[in-house]
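Colleague: Next come the chains, spelled out residue by residue.
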Amino acid sequence: MTLALLITIFVLAVFIGFEIITKVPPTLHTPLMSGANAISGITIVGALVAVGTETTWLATALGFIALVMATVNVVGGFLVTHRMLAMFRKK
Amino acid sequence: MTREMLQILLYLVAAALFIFGIKGLTHPRSAVRGNMLGALGMLLAIVVTLAFANILSWNWIIVGLAIGAVVGVVLAVKVQMTAMPELVAMFNGLGGGASFLVAGAELQREGGLPMSALPAVAIAGIIGSITLTGSLVAFVKLREKKWIEKAILPGHKFINAALALLAFAMAALFIWQGHGWEYWVLVLFALALGVLLVTPIGGADMPVVIALLNSYSGLAAAATGFVLENTLLIIAGSLVGASGLILTRIMCIAMNRSLRNVLFGVMAPAGSGGDADTVYAGKVKATTPEEVAMLFDTARRVVIIPGYGMAVAQAQHVVRDLANLLESRGAEVEYGIHPVAGRMPGHMNVLLAEADVPYDKLKEMDEINSTMEQVDVAMVIGANDVVNPEARTNPRSPIAGMPIINVDQARTVVVVKRSLSPGFAGIPNPLFAADNCLMMFGDGKKALVELVSALKSS
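Taken in order, these protein sequences are the chains called A and B.
Its first residue numbered 1, the first sequence is counted upward by one per residue in my numbering.
Its first residue numbered 1, the second sequence is counted upward by one per residue in my numbering.
Bound-form chain B, shown alone (with noise of 0.2 Å):
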């Protein structure tokens, strides 16, 4: 057996660890063991490059590999369970990025690349740029940094539709001649584009936008396997390609959206669906911490939704308060949870986790919309669009058809929010103005706090 071989099959035994990584982590009980089996697959692949490689010189990999290792493990130890969307955005882009170096790393090399390689060099180049910069643009915007919004320019489409033209014919020339310039000039189209394409994205659409970017930094990954030949990279990329693809369409179908209307922002506008004054004009009921819970004496079956902003006031583990206490009393506890509330796939599942709640309490929306006729109260927590009938009842609005959760078909609602604005839809909800419901104003948290402890003194 020759030594190149010999590589080739552990490099098979890191991709049949890989698969066998993702497959676990696609199962509650194995999740665990899958994501180890995905690292040990990553140890074995970068001991096995290590060994065979001919190595000249280990000073720059040694200092690399530990500066990338300690900040890897700060990052990762240091988060806070509500930055989480940032910080998977950010290692989406750190994968993106990494693979359009190595591919124009290896252009730089002496007697350059074989011309048949030359075209994976510009996909990784493109793909892995776009993810660099569309994810670290995601970071931002999901950092609440309001100065992005001003980097909306106006005719952004034509902008990004000129830049990918100009990425595809640089692409085409880099192809046909083989210059490194023409690959720099071309990531260059491709790191603008990045950062052009996601800025407009709004906040509730960045779940898709996340996982979209997961897939590309497989993607990328996958094309720098191309230009190395280097089967375990294409392996190992196609996979998460496959992953990120498939997250992606959960996400568009819980928002009854096709990704390309999420990706170039043609939502319906937001006129339709009437204007807030005659929606709410001396409809809405506001109410107290006091008066909630007097309600909550005589509940039996509660339910809870929560949306980010549930995320934005760290409410999470105050939430898990109030349902211990009503549940101290007596009263079914549930949790409704929409697919894309939140920021990131999965989102509203990592929060409570983190508040200690049991994920047998984690109600997906189609089971607790069974059921919601028999429910006493709802309790939705910094939701808004996830939760607005008008998706149901009004074809015309620019959210007709998305699924959402039927809180209003419950005895009685409450909604725990701010203000009356409106979600990222920019429509009013006619739920804050119907009968059965109860707006709480106020910060998430402040708020039920205050709710829990009239709920202790009554």
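Just chain A, with the same shape it has in the complex (with noise of 0.2 Å):
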């Protein structure tokens, strides 16, 4: 049942992903791009709860790598996705 539950919930949001992006100019393909990789970098959570949560040492191993990447996914893609958009908008 949850796995029922989780596959409708995955298919809904593929719908909605490709309802919201309908028109995308080309001076945004670049900043959407980089801003959509950050959100990928969601897997962050399950990272930490792997580092926070798992009583073997490779567990905590994987996670905490896992986590270091993520991490750097997150905060460097919003970032950069900022600061492009800052040179797009200071006309």
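There could be a bad hint or two in this list.
[To be verified] Derived Cβ-Cβ restraints for the label pairs, each shown as a range:
id, chain 1, residue 1, chain 2, residue 2, range
1, A, Leu58, B, Ala53, 32 to 42 Å
2, B, Ala83, A, Thr55, 36 to 46 Å
3, B, Arg3, A, Ala4, 18 to 28 Å
Think of the hints as simulated: they come from the structure by calculation, not from any bench.
Beta carbons are placed, not taken as given, at the ideal position from N, Cα and C, and that holds for glycine.
Build the complex: two chains, separate frames, hints provided.
Modeller: What follows is the structure in structure tokens.
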């Protein structure tokens, strides 16, 4: 049952994705990509749980590497997107 | 209300922020706010996670967050706008890598995972691994490191097919048996596959590859969401997956190629376009900055068509200087941007924005083509295949049918280029031999600096 619900959420979210991104002006192709990319760093949530609650050293180590990678992705991604958009806006 | 319910509802708020964020990013006016909403959603997700998970030890969390944040800030602040494709590629890879590592960490959990979670673990492993190494290879290729080309193995298609089969077989075994080692072997196969898939893909196809890897990094996160039964990961991941796919499709249409064609590299043989000697023999007219300056004296309408060469030469600032100078003399200057010019979606727009070119001057291909016949001078800077009229005229050309910017229809075309060497498609460009075309040979930046000083002194 849980799996079916999760699949439902997944499919609906894909539909929402296609619906909200209807027409992207070329100027925003790169910022959309890097902003979306920062959002894909949401795995950081899983990494936090893995580092904080795992009891085997291997799981903690894997979680820690994942946490560093995901944090770079999230922080760097949002920041660089902001930098790019600021360039577009200053006219 | 139970704790779990509250957590899921707070995750829903974060998911809504992501949706508003991505929607905002698709419109120029709301883009900055969209990005901030996305960041806010992420912050909320992190805080909620830390508040609700029974964290046993904070040490590694704080260290990991600190290292990641410092590295992320340094990269984001220091990066040159010309290096943006590499950076985006690297961030994609990190996201994919984090996803398969988290899935792997869950597998090591005491008591193990339920059998029903194993397919999702396998999928996260495959997509995440391919995203990581594929992005790293893209990163190396975008840095113009030539040694990577040597890694193209003979018969790589068969090796790839074999690797893919091995990975899927391992995935099947893992789903059936559920041992940790099977997962890591599967990851190894997928990591190798990521390297071999992206290595042979040519530079001009990079916009497609980057957009596709962007999509994969989202799908990997969604798969990890199935492993953790975490709704937020599933929603955020599939949003990114969808947005990446949309961009991939836009890029493929702009090249008139199917995704399969790009990924598996069945480009038509380059021979069908005629060889360079017969196309160019005696017809190419070289020009000097002084001559071009004289040409501009009478030009009322000028269009600049930038390509990857402008990025390589870092010529965007001098291009802007040139445009300002021409405008101060009463000419109208616009930019014609091909959707796949450069190495990532929107590459030229980012570079020109960095050089303070107002974005209403950047015209899309169809818009600029509709008025090309009234253009006095079309100036092509470091672009080649995207202005090759063969795409329109020769149905046997490897680029036949690709939408191009029709600079050949302008009164005069000036091409700034280092040599007559072919572009990515490996075919000669009859434009360079056309009657109305002048070649200004040289490094993009140097040639334009000379042109600007010639204009100033005339």
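Colleague: If a hint holds in the structure, say so; if it doesn't, say that too.
Modeller: Hint-by-hint comparison with the structure:
1. Leu58(A) x Ala53(B): 32 to 42 Å: Violated: the Cβ-Cβ distance is about 19 Å, outside 32 to 42 Å.
2. Ala83(B) x Thr55(A): 36 to 46 Å: holds (41 Å)
3. Arg3(B) x Ala4(A): 18 to 28 Å: With a Cβ separation near 24 Å, arginine 3(B) and alanine 4(A) satisfy 18 to 28 Å, so the hint holds.
Against the hints set out earlier in the document, a violation occurs for number 1 only.
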